[in-house]
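Asker: Could you put the whole structure together from the sequences, leaning on the hints where they help?
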Amino acid sequence: MLRFRAWDRTTMYRIPLDLDLSSVVGEFTTQVRVGQFDIQFAFGKVNFAVQSALSLWRDGVRVGGWEEGRWPDIAFYDVMNTVVTRCEVANDRLLVIEFENGLSMHLVDDSDATESMQITLGDGRPMIVV
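For the sequence shown, my numbering begins at 1 and goes up steadily by one.
In case anyone wonders, no lab produced these hints; they're calculated from the structure.
Treat the hints with caution; some may be incorrect.
[Unchecked claim] Simulated pairs of lysine to aspartate or glutamate, EDC-like, Cα-Cα distance not exceeding 16 Å:
no., residue 1, residue 2
1, 45, 20
2, 45, 110
3, 45, 67
[What the hints assert, rightly or not] Just the calculated beta-carbon pair ranges, DEER-fashion:
no., residue 1, residue 2, range
4, 74, 123, 28 to 38 Å
5, 35, 77, 31 to 41 Å
6, 26, 111, 13 to 23 Å
7, 111, 62, 16 to 26 Å
8, 17, 74, 29 to 39 Å
9, 122, 88, 27 to 37 Å
10, 45, 16, 12 to 22 Å
11, 16, 74, 13 to 23 Å
12, 71, 18, 29 to 39 Å
13, 44, 106, 13 to 23 Å
14, 70, 123, 29 to 39 Å
15, 115, 17, 18 to 28 Å
16, 122, 86, 10 to 20 Å
Backbone N, C-alpha and C fix where the C-beta goes; we use that ideal spot for every residue, glycine too.
Answerer: Written out as structure tokens, the structure reads:
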């Protein structure tokens, strides 16, 4: 007899202000995966699958982005193999990841009705941000 374990998913409305992503600092990504409806990447053991628009910034200027149905801008190459220096929940709608090359990635929870991202922490359980 085969048994399947149901996923223990935690659903959150908006980004929790006390979300601990300190394990991301010092890590880098070697892959950015693009689907029709999401963009995915990992920093160490922390995985992100984002369905809402996200953008890349340098010195206060937007230098790239991704949104559903589009290929990401070439600026995403600058995320590859670049060490994360800081990861901050700026507010309950914005998560900011900063890199050693001066780039910052802004992940936005832009909907209260649909999933905007899944963050899988090192324990393997996904946290769904709605």
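Asker: For every hint, state whether the structure bears it out.
Answerer: Results for each hint:
{"no.": "1", "hint": "45 - 20", "in the structure": "13 Å, holds"}
{"no.": "2", "hint": "45 - 110", "in the structure": "25 Å, violated"}
{"no.": "3", "hint": "45 - 67", "in the structure": "24 Å, violated"}
{"no.": "4", "hint": "74 - 123: 28 to 38 Å", "in the structure": "34 Å, holds"}
{"no.": "5", "hint": "35 - 77: 31 to 41 Å", "in the structure": "18 Å, violated"}
{"no.": "6", "hint": "26 - 111: 13 to 23 Å", "in the structure": "31 Å, violated"}
{"no.": "7", "hint": "111 - 62: 16 to 26 Å", "in the structure": "20 Å, holds"}
{"no.": "8", "hint": "17 - 74: 29 to 39 Å", "in the structure": "33 Å, holds"}
{"no.": "9", "hint": "122 - 88: 27 to 37 Å", "in the structure": "19 Å, violated"}
{"no.": "10", "hint": "45 - 16: 12 to 22 Å", "in the structure": "19 Å, holds"}
{"no.": "11", "hint": "16 - 74: 13 to 23 Å", "in the structure": "32 Å, violated"}
{"no.": "12", "hint": "71 - 18: 29 to 39 Å", "in the structure": "35 Å, holds"}
{"no.": "13", "hint": "44 - 106: 13 to 23 Å", "in the structure": "20 Å, holds"}
{"no.": "14", "hint": "70 - 123: 29 to 39 Å", "in the structure": "32 Å, holds"}
{"no.": "15", "hint": "115 - 17: 18 to 28 Å", "in the structure": "19 Å, holds"}
{"no.": "16", "hint": "122 - 86: 10 to 20 Å", "in the structure": "19 Å, holds"}
Checked against the numbered hints given earlier, this structure breaks hints 2, 3, 5, 6, 9 and 11; the rest are met.
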